[in-house]
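J.: Working from the sequences, and respecting the hints, build out all of it.
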Amino acid sequence: MSKAGTPQDNELALIAGPTASGKSDLAVRLALALHNRFQRPAIVINADSAQVYANLHVLSARPSEDEMKGVPHRLFGTWDGAQACSAADWAAAARREIADAHQSGAVPILVGGTGLYIRTLLDGIAPVPAIDPGVRAEVRAMELGEAFAALRAADPDRAAKLAPADSQRITRALEVVRSTGQTLDHWQRHKVGGIGDAVSLAPLVLLPDRATLFAQCDARFAAMVDGGAVAEVEALLARQLDPTLPVMRAIGVPEIAGYLRGDWPLEQAVTRGQQATRNYAKRQFTWLRHQLPAGWLRHEEQDAALEHVLEILLPR
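Just so you know, we're using this note's numbering here: the sequence shown kicks off at 847 and counts up by one.
Hints in this document: simulated from the structure, not taken from any laboratory. Being a predicted model, the structure only gives us computed values, none of them experimental. Here a beta-carbon is modelled for each residue, glycine too, at the ideal position from N, C-alpha and C. There could be a bad hint or two in this list.
[Claimed, not checked] Cut-off 30 Å, straight-line C-alpha distance, at most; resulting in silico cross-link-like pairs (DSBU-like, lysine-lysine):
hint, residue 1, residue 2
1, LYS1037, LYS1128
2, LYS1007, LYS1128
3, LYS1007, LYS1037
[Said to hold, decoys possible] For each label pair, taking beta carbons as the anchor points, the in silico distance ranges come out as:
hint, residue 1, residue 2, range
4, GLN1137, VAL1038, 19 to 27 Å
5, ALA1150, ARG982, 29 to 37 Å
6, GLU989, ARG1085, 16 to 24 Å
T.: Dropping the structure here:
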């Protein structure tokens, strides 16, 4: 994912972790330590797929001005919810922000828990050509069982990796092989645009004790509801956006929307939101532990993590 490089040569700090793990606070602590202890400026760059949306200040736990403590933050609230921000969209913007930070002499600190964003930025994206509209219409008109059978015939390796009920991935894989004549695995072996070989990466993964993490998830969602999340969802619903947009499916939005429609009381909306947050944190925890490179050290608490990443950035 990254080359070995000399200190201060296109360095990039990366703090990954599940939701409610304290990674945003750690990013600010790292930036302040670089400034106060080593007179080096730093810029925090968001890598969270909810915090990119301007409409989710509360529900995405976007850092407040006080929490930023004067440290420049980029790509927080950059997209309006009416426009989906894909991993490719975000990675293109992140590349620009990282290049600008390097140009200005600052250390970019990437912080987030969206694994697809991180992998797309570092490894690149598969250059799959645009899908033929006729092929797309044909595939999407199929029953799921029919599509899965067709995929087993056209791309058995990919089909073997997918659950028969995984409609989104089955459809995507079948569209690709029928439209391009090549399998999705073929395109993924030829990724382009990744910066992993062009930066000196200082990565860490923050993985708190699970019981502590889940308690933090519950407390934070309750605080969000008390801190304006209901009004935030009301404003989204008033815009009558496409319900399939990421901003409308973000954790907390469907749960609070149900309360606003009268489907359940506020207390149940909170309980549902807390459960959804814990489930998401659990998925992130598992992905971050097992899918990121083994050489990326995992830490349970912030102090050790902070000193570890400083040692990588500023070896003694």
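J.: Each hint needs a verdict: does it hold in this structure or not?
T.: Outcome of the hint check:
Distance hint between LYS1037 and LYS1128 is fulfilled; the C-alpha atoms sit about 29 Å from each other, no more than 30 Å. Of the supplied pair hints, the one linking LYS1007 and LYS1128 holds, its CA atoms being roughly 22 Å apart against a limit of 30 Å. Between the alpha carbons of LYS1007 and LYS1037 the distance comes to roughly 20 Å, so the proposed pair stays at or under 30 Å and holds. Against the hinted window of 19 to 27 Å, the Cβ-Cβ separation of GLN1137 and VAL1038 comes to about 21 Å, which satisfies the hint.
A hinted range of 29 to 37 Å is violated for the C-beta pair ALA1150 and ARG982, which are about 49 Å apart. Between GLU989 and ARG1085, the C-beta spacing of about 34 Å breaks the proposed range 16 to 24 Å.
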